[in-house]
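Chemist: Line by line, the protein sequences are chains A, B, C and D.
Per my numbering: the first sequence = residues 4 to 167.
Per my numbering: the second sequence = residues 9 to 421.
Per my numbering: the third sequence = residues 125 to 416.
Per my numbering: the fourth sequence = residues 357 to 455.
Treat the hints with care, as some may be off.
[Claimed, not checked] Label pairs and their in silico Cβ distance ranges: (1) Trp376/C <-> Leu151/A: 15 to 25 Å; (2) Tyr334/C <-> Val14/A: 50 to 60 Å; (3) Asp11/B <-> Val13/A: 43 to 53 Å; (4) Gly6/A <-> Arg64/B: 50 to 60 Å; (5) Gly32/B <-> Val403/C: 19 to 29 Å; (6) Glu409/D <-> Leu62/B: 32 to 42 Å.
[What the hints assert, rightly or not] Coverage of chain D stretches by chain A, computed from C-beta distances (three or more under 8 Å per stretch; other residues unrestricted): (7) 365-375; (8) 389-398; (9) 402-408; (10) 415-429.
None of these hints come from the bench; they were simulated from the model.
We treat Cβ as the ideally placed atom computed from N, Cα and C, and that holds for glycine.
Letter by letter, the chains look like this.
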Amino acid sequence: MGGGQAVLFVVMGVAAAVSALYAVLTRQLLRSIMALGAFLTAVAVEFYVLSADFVSLVQIFVYVGGVVVLMLFALMLSASGERHPMAGADRAGLGAVLAYLVGGVLAVTALRADLPEPGAFPEQTVSYLGRALLAEQLFAFELMGVILLAALVTALVVVRKERQ
Amino acid sequence: MGDALLLLPKGAMGLLVLLGLLMGSMRGGRARRTTVLVGIAVLALGFGAGILLLGRSASFFHAALVVDRFSLFADLVLLALGVVISLAALDGPGAGRDGDDFVLLFALSLFGASVLDSAGSLIVIFLAVELTIIPSFALVAFRGEDRRSYEGALKYFILSVLASAVLYYGLSLIYGATGSVAVPLATEPETSALLLVGIGFTLVGFGFKLAAFPFHQWLPDAFEVSHPEVAAFLAVAPKLAAVVALVRILDGLGGQSGAWTFALALVAFGTMFWGNLAAFLQQGLRRMLAYSAIAHAGYALVGVAAGSARGLDGAVLYFAAYASAAVGAFLVVAFLEREGAGDSIAGLGGLGRRRPALAAALTVFLISLIGVPLFAGFWGKFSVFLGAIEGASFGWPWWGCSTVPCPSATTAT
Amino acid sequence: MLVERWISARIQLRVGPRHTGPYGTLQTVADIVKLLMKEDVRPVQADAMAFRLGPMLTAVPAVMSFAVIPFGAPLIMRDLNVGVLYFLAVPGVTAVGLLLAGWASYDNYSFLGGLRSSAQFISYEIPRTLVVVGVAMLAGSLRMSDVLEAQRSVPFVLLLPLGFVVYIVTTLAEINRTPFDIPEAESELVAGYHTEYSGFRWALFFLAEYGALFAASGFAAVLFLGGGNGPLLPPFVWFLIKTLAIVFLNMWVRWTLPRFRSDQLMRLAWKVFLPLSLVNLVLAGLVLQAVN
Amino acid sequence: MTPVLVLSAVLFATGMFGVLTRRNAITLLVSVEIMMNAGNLNLVAFSRLYQPELMTGQVFAIMGIGIAASEAAVGLALILTIYRRYGSTDVDRVRLLRE
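Bound conformation, chain A alone:
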C-alpha cells in the first residue's frame, strides 16, 4: 500500500465502521438499510485498496444492486401501511457484553497475530481469478451454481405456499 492508498484505507475503514454502527443502532428500518448500502460501498472500496478489484465490483453488483434493493423491496412491500417503519423494542444487556467480548478477543488476536508481509500482487486479478475458478476451485464454482438454484427454488416455494 502506498501513502495515498493507506489514507484511503483508513478513511474508508472509519466510514465502514461508522455506517455499520449506524445500521445496527438506528431505529428506522429504511435508514438501517441505507446505512448498510453505505457500509457495503465502503467495504467495496477497501477491497479495491487491497488489490481485489474484481471482488470489489462483484460486491457493488451483487450486494448494493441486489441485496440492498431486495431489502428495500421487502421493507416497502411489508410496511405499506406505516410510512416510517420502526424496529421494535430491543433488549441490550448481555448481548452487548458478549459482542464486546468477542470483538475484544478478535482485536487482541489480530494485534498479536504474526503474519508475513504481503508480497507482490498480480496486476491482472481477473485472468488469475478465471483460471482459479476453472481449475483449483472448479468444484466450488459448480457447487455455487447448485446453491443458487436451491436458493431460487426455496424462495419461490416459501412465497408460493403462502399464496394458496
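Start from chain A and add chains B, C and D according to the hints.
Modeler: Just chains B, C and D now, kept in the frame of chain A:
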C-alpha cells in the same frame, strides 16, 4: 477411471435433484409418482454401488472432494435415508399439489449433505453446509396450513444465518493462519492464536448447525412445526455430514487441539445432559423426539472429541444406528398424525390395543434410541464411549456414561 | 436533450422546440433556466433523507459510469482491467435511488412507479449482463481497451448481431425509455417515481435519464461497433458518430412505438430476452471456437 | 495486515451486537450481512499473503458474497410471508411457540 466409480453414491443423489427438477414440468400425480419411484431405484442402485466400493478412497477436482472410508459410509447412510424418506413422502408431503417442490428441495439438501461429508477444502465445506441448509428452510415451512410453521422456519433461518456468518469468519481465520484452504489442515508445528480462535469460531458455527447445547434452541421449534418426514431428515442428514466434516477439520490438528477438544467434550456433555433432561420434561411426542435428537448429536460429539480413530468410527457408526431408530420413530409419528391422532405422549395410552403393530414398532425404536443392549443404538453408544475411553486424558467420559440411563425414564411415561 | 426535443418535434409535428433561438438550439438552455427557476417543493410528510438521496443515487451512478468509457483511443478516464464489469455494476445502484425516490415522496403514484421501475431494472439487468458476458468472451478480457483492440478488424456486431439487438432493447428497458417506460407512464401514473419532485431535484432525474442513455449508448458503441475504430477520422469523432447513431435509434423508437403493459414487460424479460441472451452466449462460444 | 484484521474484528463485533440486541427480522439480516462482510475483508486481505496467483481468498470471498445474497433472498421471502400473516416483522411479536 476406476476411481470415478467412487462418485456413484453422490451421483445418485445428484440424479435425484435432476428428477426433482423434471417433476416440476409434469402434470398428473401418476407421472410424478413414477418419477419418485425411479428416483428411489436410483438411490438404491447408488447404495449397492457404495457397498461394493466400501474401503476404497480417492480425491477429485484438485482434492476439493475427498471420498474416504468415513464419507463413503456416511453416503450409505444418506442414501438409505433418502430411500426411506422418499417412500414415506410418497403419501405425505410429496403427494400434494406441490409434491414436486418437496422432492426437489429434499433432493437438493440431501445432495448438499453428501458433498459436505467429503468436502476437501474450507470453501467446499462452507458451500456444502449452505446447500444443505438453504432448502431446509422451505422444508420446515412446508406445512403452509399451519400458522406456526413459518415462525419455526424464521427462527431456524435467523439462527442458521448467524451460525453461517460465525462459521464463515472462523474459516477465514483458519485460512489466514494456515495459508491454505485444504482440509485436513496443514498446520505449522506451533499453533498460532489466530488458528485457535478460527477453530473456536468454526466449532461454534458447527455447534449451531448440530444444535449442540448452548446453541440448540431452534431445533425443537423447527421440528415441532414441520412434517415428521422433514424432522427425521433434518435430525440425521445435515448432522451426520457436519460431524464428518468436523472430524476432517480437526483431524489435521494432531495433538494441538487440546484446548478445543476439552471444550468440545464439555459441549458434548452439556448437549447430552440438557437434551435428555428436556426430553424427559416434554409433553408432546414430537418435542420429546426433537430433544432426544439434540441429545444424540451430543453422543456423536463425544466420539469426535475423543479424537481417536475408534472414537471417530464410533461417531459415524453412532449416527447410522441413531438414524434407523429416529427415522423410524418420526415416521410412526407421521403415520399417527395421518390417522388423526394427537401429538401428546399421554394420548399414546391404549395404542397397543388399537394398533399393536405400530405400538410395537414405536417401542422398538424408542428402546433403540435409549441404547438398551443388543439394539442398534446400544452398539453405537458402545463404540463411541469405547473410543472416548481410549483417547481419554480426562475423566469426562464417565460423566457421559452417567447420562445414558436418563432417557429411559422418558419412555416409561 | 436538444436533439430529443428536435426529433420529438419532427415526429410529432410540434413547433416550439425549433424556434427558440437559431434552429431551436437554445431550447435546452431555456429548459434548464425554467427548471432552476422553479420552486423546490418537498411534500410535508416525505422522509427528508430518502427524498434527497433518491435523485442523487440515480444521477451519480449515471455520471460515474462515464469513467470507464473510452471516448477515443487515449481518452478514457480509467482503463480498469475490470472496466466492463464496472459499467454493469455501478449503474445498478440506480435501482436503489429509484426505490428511495418513489418511497420518499409519500404518494401512491410515486411509490408504484418506484417499485415498478426497480423491478423492471433488475429483470432486464440479467439478459443484459449475459449479453455483455458474450462480448467479454470474444474479447477475452474485461478491460475496455482490450475489447476495442479485439475489434480492430471485425466489429462484434457482425459476429453477434443477436446480442446487439438484445443489448439495445434491454438497455431501453433499463433506463425506462419507451416502449418500456411503464414506471413513468404519464397516462396512468402521472410521472412515476418523480411525480413529487420539482426544480433542481427533478433536473437531477432528468440528467440521470439522459446521462444513462448516453453512457449506455457509448458502451454499446464500444462493445459492438468498435468504438473509436474507423478509417480517416480521429477516434473521438468515430466514437461520437457511433454513439449518436445509437442515441438516435433510441429516440426514434421512443416517439414511434406505443407502451407495453407492466406484466407484458416482465414476461418479455424472462421469457424472451433471457433465453435469447443465453442463445447469444452459445453463439459467442461457437464464434470463439471457429476463430481459434 | 494488522489494520485490516482489527477493522474486520470491529465490524464483526458490530454485526454481532446487532444480532444480539435487535429484534426486527430485517435488522437482524442487516447485522448478519455486516458480519459476513467482516469475513470477506479477512479473506481478501489474506489472499495477498499466500500464493497470490491462486487467488484462493478472493474466490472464497466471491463465494461468500453469493451465499449472502442467496440467504438474503430466502430470508426476505420468509419475512414477507410472515409479515402478511402477522402484520409485523418483529421477531418478538411473532411468537406462538413456547420458548
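Chemist: Please go over all the hints and tell whether each is borne out by the structure.
Modeler: Against the structure, the hints come out as follows:
no.	hint	in the structure
1	Trp376/C <-> Leu151/A: 15 to 25 Å	38 Å, violated
2	Tyr334/C <-> Val14/A: 50 to 60 Å	32 Å, violated
3	Asp11/B <-> Val13/A: 43 to 53 Å	51 Å, holds
4	Gly6/A <-> Arg64/B: 50 to 60 Å	57 Å, holds
5	Gly32/B <-> Val403/C: 19 to 29 Å	22 Å, holds
6	Glu409/D <-> Leu62/B: 32 to 42 Å	39 Å, holds
7	365-375	holds (count 11)
8	389-398	holds (count 5)
9	402-408	holds (count 4)
10	415-429	holds (count 13)
Of the hints listed earlier, those the structure fails to meet are numbers 1 and 2, in rising order.
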